[in-house]
Amino acid sequence: MTDRSRDGLRPSLDQPRRGFMPRFNIALVLPAQLTMMAVVIVPTLIILWLAITDWQPTQAIPWYDATPVWFWNFYDLWYDERFVNAVGRTLFVVGVCVALELGLALGLALLFLDEWPWRRVAVSIIILPMMIIPVDAANAFFMLFNERGPINHMISLVIGAPFEFSWLSHPTWAMAPIMMAEVWQWTPLMFLLVLTGLMNLPQNQVRAAIVLGASPVRIFFKVMLPLLAPVISIALLIRSIETFKIFDPVYILTRGQPGGSTETISMFMYNGAFVYFRMGYIAAAALLVLVVVISVCLVLARPMTKHS
Amino acid sequence: MDRKLELRALRKSFGDVEAVKGIDLALNRGEFLSLLGPSGCGKSTTLSLIAGFLQPDAGEILVDGKVVNRVSPRKRRIGLVFQDYAVFSKLSVRANLSFGLEAQRVPRLERDRAVAEISEKLNLNPILAARGGELNMSEMQRVALARVLVTKPELLLLDEPMSNLDAALRAKLRGELKQIQKELEQTVLYVTHDQVEALSMSDRIAVMRDGEILQDDSTEAIYRRPAERFVAEFIGDPPINMVTCTVTAEGGVVSVSTALHRNLPLGQGEIAPGQYLLAVRPHHFQASREAAAGTVGSEIRLVENFGAEHVLHVSYGDDLVAVVVAPGFAREGERIHLALHAEQAHLFDLESGQVIALQRREAAA
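Chains S and P are the protein sequences, given in the same order.
Under my numbering, residue 308 is the last one in the first sequence; the count climbs by one each step, no gaps.
Under my numbering, residue 673 is the last one in the second sequence; the count climbs by one each step, no gaps.
Honestly, the hints are just simulated from the structure, not real lab data.
In silico negatives: residues of chain S with every beta carbon more than 12 Å from chain P: (1) L157; (2) L236; (3) Q257; (4) P258; (5) L300.
From the structure, some residues in chain S lie toward chain P, with a derived Cβ separation under 8 Å: (6) P202; (7) N204; (8) Q205; (9) A208; (10) A209; (11) I210; (12) V211; (13) L212; (14) A214; (15) S215; (16) R218; (17) P226; (18) L227.
The C-beta atom is built at its ideal place from N, Cα and C for all residues, glycine as well.
Using the sequences and the hints given, assemble the complete structure.
Spelled out as structure tokens, the structure:
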């Protein structure tokens, strides 16, 4: 094959024909490039500009005429407790939710590794939450955790005494329903990723461990988990990025209340930009968050780049 | 004799396909038995049944005289080397070797001693620190073997362990494997589709086809006295020649006539005259330059050079037969004279493929 393509009998892949092809290639990618320009690059440039201004749409000046304040926005953010807390809270939510999702997903996936009746139906049921529109899922949790909602009702049934607790207006506990909604909705995705990984493990390594007399626990930790590591790190990366942007459950359940105690970064930015209209300040916050997200991603993605 | 493994009327089907059709097989302590057959003959299914990954539909599996059908594969004390070796790719070679002993809760000192001993024997010391995924095929094969041998299994099952290696390495490892097996007096069931491996290593060979064992015999007998046409054709390199022949039986003496040779006495037996198949190994034709009694002239159509010997493909009626000669004996297109050692030829029924039993005058080599 190689010899034939080298002696020029047939066009080889490493020597594309000149003339017609490059223009055609450009024509193919141009719409995508233009779209990218419109929705990513231009807004990014605008944000870079806004981040060094104190522009507010209510001031009735066009954004390009805003007064630069240079780096004062970043200085203010550094000492803005509400912002710093939102960042810390978001990282906490990411850590707890993603860890819970992974644990639950691993457990479920192990159950589904063996063939049993109605397995396919059960998989479809388990992944249902993922298909629900996040706002609707959040609304369901809003009703569940209502002061007189089913959750409190069930607790009172269990403890045998009336139980009324306003989950969503308690500064400490309001975060719990939000995180539960997030975990409930996105464990299925983690489950699918982990199950696919488990099903594609080299079966004979597992069988070899069995005939060597290893217990299921030993096989899981010494053989399966190391083989699964690449899949797990990808799943963790995907879910961490997604959870970092958590918005729907926060917006529906608490809007960041009470007293900003459930405000995550996206909620903070929504409030700042569309409630207080501090566009320049929030643009600076968005830039900072971008830096944080990219750093987190690089750390999590490191094992994967090392792998190749 | 000390029975290590016994299969009794073992049966396994997958849907409509009967993969194993009630086979019986016994394996004695220290014996090397090959289960030989083409792909899809049920030999790997048999292996999975013995290891316990599959449950038989009927029949019994006995290890050391005890039925193990209901024993989980974890507890059967059967060592298994997989075709793809299944070395734990994320663990070091050392961790691979001690995996089985750790699982059986062997104390650390004893474990280390056993690992050191086996890695010495199989020459694994230089790669003990390497990870399983970094090894090449022959290293993986040695690790897979050592990982199993270190646990001193009652029975060692090998599933085509050479099929991923190149030819030169295979020849070398055949010898090594046989030597280790002898040294440890390890009972081995070796599954393969390669008749050279089976012949060169086994004490006994069971030839399998379509889920049945056609012949279970000593290696010598499998080669010299095939019970079925399939066994004769499957074993031997170059493959055995099959020519149609006419049989006449007069006064108990069975003679055959082929397209070229006339009235060759085969031996004594009761057999209906008619058309049969005559099987002659390429080594049992004698080629000569000069015509002599019992030789028939024929033309060489093709010469295959195997280095130490040449194989002539000679016209024989409408067919070609293979004849083994010394190198440089003859060239393509030349005429030679063929004699046939009828006392080493076999007669098979055209329909059933069963061998026709004959009493030979003498069993000269």
